[in-house]
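Using the sequences plus the hints, can you model the full thing?
Heads up: the sequence lines are chains A and B, in that order.
Letter by letter, the first sequence follows residues 1 to 112 in my numbering.
Letter by letter, the second sequence follows residues 113 to 226 in my numbering.
Calculated from the structure, these hints are not laboratory results.
Treat the hints with caution; some may be incorrect.
Claimed, not checked - Think about it this way: if two alpha-carbon atoms lie no more than 30 angstroms apart in a straight line, the pair counts; the simulated DSS-like pairs of lysine-lysine are:
no., chain 1, residue 1, chain 2, residue 2
1, A, K71, B, K169
2, A, K3, A, K99
3, B, K183, A, K57
4, B, K195, A, K57
5, A, K99, B, K182
6, B, K195, A, K99
7, B, K182, A, K3
8, B, K195, A, K3
9, A, K57, B, K182
Stated by the list, open to error - To list a few chain B residues with every Cβ distance to chain A over 12 angstroms, as calculated:
no., residue
10, N130
11, G175
12, A193
13, Q215
C-beta atoms are modelled at their ideal positions from N, C-alpha and C, and glycine is treated no differently.
Residue strings, one per chain:
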Amino acid sequence: SQKIEQNSEALNIQEGKTATLTCNYTNYSPAYLQWYRQDPGRGPVFLLLIRENEKEKRKERLKVTFDTTLKQSLFHITASQPADSATYLCALGAGNNRKLIWGLGTSLAVNP
Amino acid sequence: DGGITQSPKYLFRKEGQNVTLSCEQNLNHDAMYWYRQDPGQGLRLIYYSQIVNDFQKGDIAEGYSVSREKKESFPLTVTSAQKNPTAFYLCASSTLAGGLETQCFGPGTGLLVL
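In structure tokens, the structure reads:
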């Protein structure tokens with residue numbers, strides 16, 4: 001069956017450092033991959049989308065890479081800030097299938 | 113402002129009672145979704161609808177029902193048949209652009225069944 005794995009343990013880093021979160025998948029050939037941010041008690045918010053034929057995407061302090069050979073995406077937050085503390089979810093999509101496949105999320109804590 | 117609203121933010125019900133959660137969007141999105149989120153279990157799809165008057169079961173549809181009579185609205189009813197209804201419920205909507213699906217989420221409704 002299709003499976004997505006994200007870092008199961010919470011990630012704690014110091015302010016100013018780069019946070020790197022991992023999303024691995026199996027038994028799936030996504031057309032694109034997305035990252036969302038979720039704060040406690042709130043709905044996820046879309047951050048970035050990367051297509052299968054793209055290697056890297058950037059948006060301000062955020063960077064996403066996508067390696068379809070390794071079946072892995074890395075999500076980087078550079079110059080991290082305490083306000084970046086949240087849970088980050090990855091989701092896979094394929095063509096016109098309206099259902100996304102969701103990871104469980106990774107909790108990030110940026111310490112001042 | 114365009115967005116998705118869910119009401120209420122928190123809901124308390126006695127066991128055995130049906131309860132309906134509201135979801136409204138003014139984004140003109142064609143598709144709408146209901147997810148359930150439990151601690152440590154991520155998002156699980158309950159039902160989704162791609163067009164008005166049509167909907168499909170997700171991964172955990174048992175004990176739930178939906179309707180899609182209007183494009184803007186997708187209410188979810190948690191029935192007494194749902195064995196563990198206490199959870200955080202999220203509604204989302206989306207439109208397919210260039211084969212890409214990005215979902216917009218509402219603020220969620222926390223349901224506590226006593």
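Comparing the hints with the structure gives:
1. A/K71 with B/K169: holds (28 angstroms)
2. A/K3 with A/K99: holds (14 angstroms)
3. B/K183 with A/K57: Violated: B/K183 and A/K57 sit about 33 angstroms apart, past 30 angstroms.
4. B/K195 with A/K57: violated (43 angstroms)
5. A/K99 with B/K182: Holds, at roughly 21 angstroms.
6. B/K195 with A/K99: Between B/K195 and A/K99 the Cα gap is close to 25 angstroms, so the pair holds against 30 angstroms.
7. B/K182 with A/K3: violated (34 angstroms)
8. B/K195 with A/K3: Roughly 26 angstroms between the alpha carbons, so the hint for B/K195 and A/K3 holds.
9. A/K57 with B/K182: This hinted pair is violated, its Cα atoms lying about 37 angstroms apart.
10. N130: holds (24 angstroms)
11. G175: Holds, because the least Cβ-Cβ distance between B/G175 and chain A comes to about 20 angstroms, which exceeds 12 angstroms.
12. A193: Answer for B/A193: holds, closest chain A Cβ roughly 24 angstroms.
13. Q215: Violated, because the least Cβ-Cβ distance between B/Q215 and chain A comes to about 7 angstroms, which does not exceed 12 angstroms.
Figure legend: structure checked against the earlier numbered hints; hints not met, in rising order: 3, 4, 7, 9 and 13.
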